[in-house]
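J.: The lines below spell out each chain.
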Amino acid sequence: MLKKKIVNVQTNEEIIVDLTKDEISEVELAQAEAQAAAKAQAEVEAAKFAEKAALLERLGITEEEAQLLLS
Amino acid sequence: MATTTNYSWTTPDDTDLVKDGAAAIRTLGSSADTTVKDLNPGTTAGDIDYYTSSTAKARVAIGTAGQVLQVNAGATAPEWATAAGGGEVTYTLLNAGGTALTGAQTITISGIGGYDSYFILVINASSASANSEIIVRPNGDATTTNYYMAGLTNTPTTSYTIGTFASNASYQSNANSIALGKTASDAASQARGSFIFWGGKSTGIKAWQSAGAGDNYGGAQQWNQTVRNGLFNLTSVITSFDIRSSTGNWDNGTVYVFGGSI
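Protein sequences, first through last, are from chains C and E. According to numbering that gives the first Met the number 0, the first sequence is numbered sequentially starting from 0. According to numbering that gives the first Met the number 0, the second sequence is numbered sequentially starting from 0.
The reader is advised that the hints may include incorrect statements.
With beta-carbon atoms standing in for the labels, derived distance ranges [as the list claims (entries may be wrong)]:
| hint | chain 1 | residue 1 | chain 2 | residue 2 | range |
| --- | --- | --- | --- | --- | --- |
| 1 | E | 80 | C | 17 | 48 to 58 Å |
| 2 | E | 90 | C | 0 | 34 to 44 Å |
| 3 | E | 54 | C | 7 | 51 to 61 Å |
| 4 | C | 11 | E | 78 | 32 to 42 Å |
| 5 | C | 12 | E | 52 | 50 to 60 Å |
| 6 | E | 208 | C | 32 | 20 to 30 Å |
| 7 | C | 40 | E | 203 | 15 to 25 Å |
| 8 | E | 92 | C | 32 | 32 to 42 Å |
| 9 | E | 78 | C | 13 | 44 to 54 Å |
| 10 | E | 90 | C | 27 | 31 to 41 Å |
| 11 | E | 115 | C | 40 | 38 to 48 Å |
| 12 | E | 149 | C | 57 | 46 to 56 Å |
| 13 | E | 50 | C | 13 | 49 to 59 Å |
| 14 | C | 12 | E | 48 | 48 to 58 Å |
Taking lysine-lysine pairs in the BS3-like style, the calculated list, with each CA pair at most 30 Å apart, reads [to be verified]:
| hint | chain 1 | residue 1 | chain 2 | residue 2 |
| --- | --- | --- | --- | --- |
| 15 | E | 36 | E | 56 |
| 16 | C | 38 | C | 51 |
| 17 | C | 38 | C | 2 |
| 18 | E | 200 | C | 2 |
| 19 | C | 3 | C | 20 |
| 20 | E | 200 | C | 3 |
Hints in this document: simulated from the structure, not taken from any laboratory. Just so you know, even glycine gets a beta-carbon here, dropped at the ideal spot from N, CA and C.
Given these sequences and hints, build the entire structure.
T.: Okay, here's the thing in C-alpha cells:
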C-alpha cells in the first residue's frame, strides 16, 4: 500500500496516511511508463544480441575471435 | 497685551510706559531664548534634532560606532540601531539527523516555515520499485502551471554517450514537480540529489536549482541524471517539502533539509 509520511520537524510528530486516489494514479502512471521503457530497452538489447549471434554464425567465428579481430 | 505672530511672544503695547521698557525687553528676550532653545534641543556633540510636532523638536543622542539611523517601531521618531546583517546566509539543519526515506512513497517534511532559502540533500535513495525518480514538491503543490524549468537531462543505457544527453525545457507544460534523478531498472539501484530553493518567505515567484542522478546498479539501465534551474510560482510562503518516489514506497535513503536566513 502506498503511503505518505508527514514529519513535523518542530514537534517531531509523524503521521502516516494513505495516498489519495489522484496520487495513486500518478504513481501507477509512472510505474507503467517505467515498465514500458524497460521493456522497450530489453527488446532493443535482445534484437541486438540476436543480430550479433547471426553475424558471428555467418562469419563462422566465435565472439572471442571477433573481439580479437577488433582489438 | 500685544504678541508676535508665530510664537506669541509678549511685546509692549503702544500705550505702555517707557519706564516699563526694560522689563518688557527682558520678557521678550526670555521668550525668544526659550523658543530658540526649543528649536535647538541638542545638548551634546552628535545629537540630531527632529520634529515631534509641527512646532516642537526633540533630540536623539548619537548612537554607537557602526550603528545606522532608522525609524523606530512606532514609526514616530528616528533612532540609532545596529545594522542588519550584511547578506551572509547561514544554513541550519532543520530535521536533526536527517529523515529516513522508508515506509512511504511521499515523505513530507513540515514545520519548516520562516526561512529565506532552503537546501535539500537526498542520499542513497531507493524505492521498492525500479526506475524511481526523486521528486520534490514545495508545499506538496502539484499544479503544472506553477513549475517553470530548463536544463539538462541525461538518460543513458549503461554508459554515458553523447547521444543520451538532451536539453530539457518545461515552461508551464507537463511538470508538476521537480525531478532530481532516477534509479535504474533494478530495485537495488539508488539515486542522490540536491536542491536549493530561494524565496521561502515570498508570496510571489521563487527560484530553485537542482541536480541529481541514479546509479547504474549492476549494469542496469534507464536511470537518469538532471541539472536544472527553475522558478516556482505559488502565492504562499513555503511550509513543507514533499520528497516523493515516482514509482513506489521508499525503502532506503535519507533526506536532510536545511533552512537558510540572514
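J.: Each hint needs a verdict: does it hold in this structure or not?
T.: Hint by hint, here is what the structure shows:
Take residue 80(E) and residue 17(C): their Cβ atoms lie about 52 Å apart, and the range 48 to 58 Å holds. About 36 Å separates the C-beta atoms of residue 90(E) and residue 0(C), a value consistent with the hinted range of 34 to 44 Å. For the pair residue 54(E) and residue 7(C), the beta carbons lie near 56 Å from each other, so the given range of 51 to 61 Å is met. Checked against the hint of 32 to 42 Å, the pair residue 11(C) and residue 78(E) passes, with Cβ atoms roughly 40 Å apart.
The hinted window of 50 to 60 Å between residue 12(C) and residue 52(E) holds, with their beta carbons roughly 54 Å apart. Between residue 208(E) and residue 32(C) the CB atoms are about 26 Å apart, so this pair conforms to the stated range of 20 to 30 Å. Distance hint check for residue 40(C) and residue 203(E): the Cβ-Cβ separation is about 42 Å, which falls outside the suggested range of 15 to 25 Å. For the hinted restraint 32 to 42 Å between residue 92(E) and residue 32(C), the CB-CB distance of approximately 35 Å keeps it satisfied.
Residue 78(E) and residue 13(C) have their C-beta atoms about 46 Å apart, which keeps the hinted 44 to 54 Å range intact. For the hinted restraint 31 to 41 Å between residue 90(E) and residue 27(C), the CB-CB distance of approximately 37 Å keeps it satisfied. Distance hint for residue 115(E) and residue 40(C): a CB-CB separation of about 43 Å, consistent with the stated range 38 to 48 Å. About 48 Å separates the C-beta atoms of residue 149(E) and residue 57(C), a value consistent with the hinted range of 46 to 56 Å.
For residue 50(E) and residue 13(C), the hinted distance range of 49 to 59 Å is satisfied, since their beta carbons lie about 58 Å from each other. At about 55 Å, the CB distance of residue 12(C) to residue 48(E) agrees with the hint of 48 to 58 Å. For the hint pairing residue 36(E) with residue 56(E), the CA-to-CA distance comes to about 10 Å; that is within 30 Å, so the pair holds. Restraint check: the Cα-Cα separation between residue 38(C) and residue 51(C) comes to about 20 Å, which is no more than 30 Å; the hinted pair holds.
Between residue 38(C) and residue 2(C), the direct Cα distance comes to roughly 27 Å. Compliance with the 30 Å bound is thereby established for this hinted pair. For a cut-off of 30 Å, the pair hint linking residue 200(E) to residue 2(C) stands: about 29 Å separates their Cα positions. About 12 Å separates the Cα atoms of residue 3(C) and residue 20(C), which keeps this hinted pair within 30 Å; it holds. Proximity of residue 200(E) to residue 3(C) is assessed by CA-CA distance (about 25 Å); at most 30 Å being required, the pair is judged to hold.
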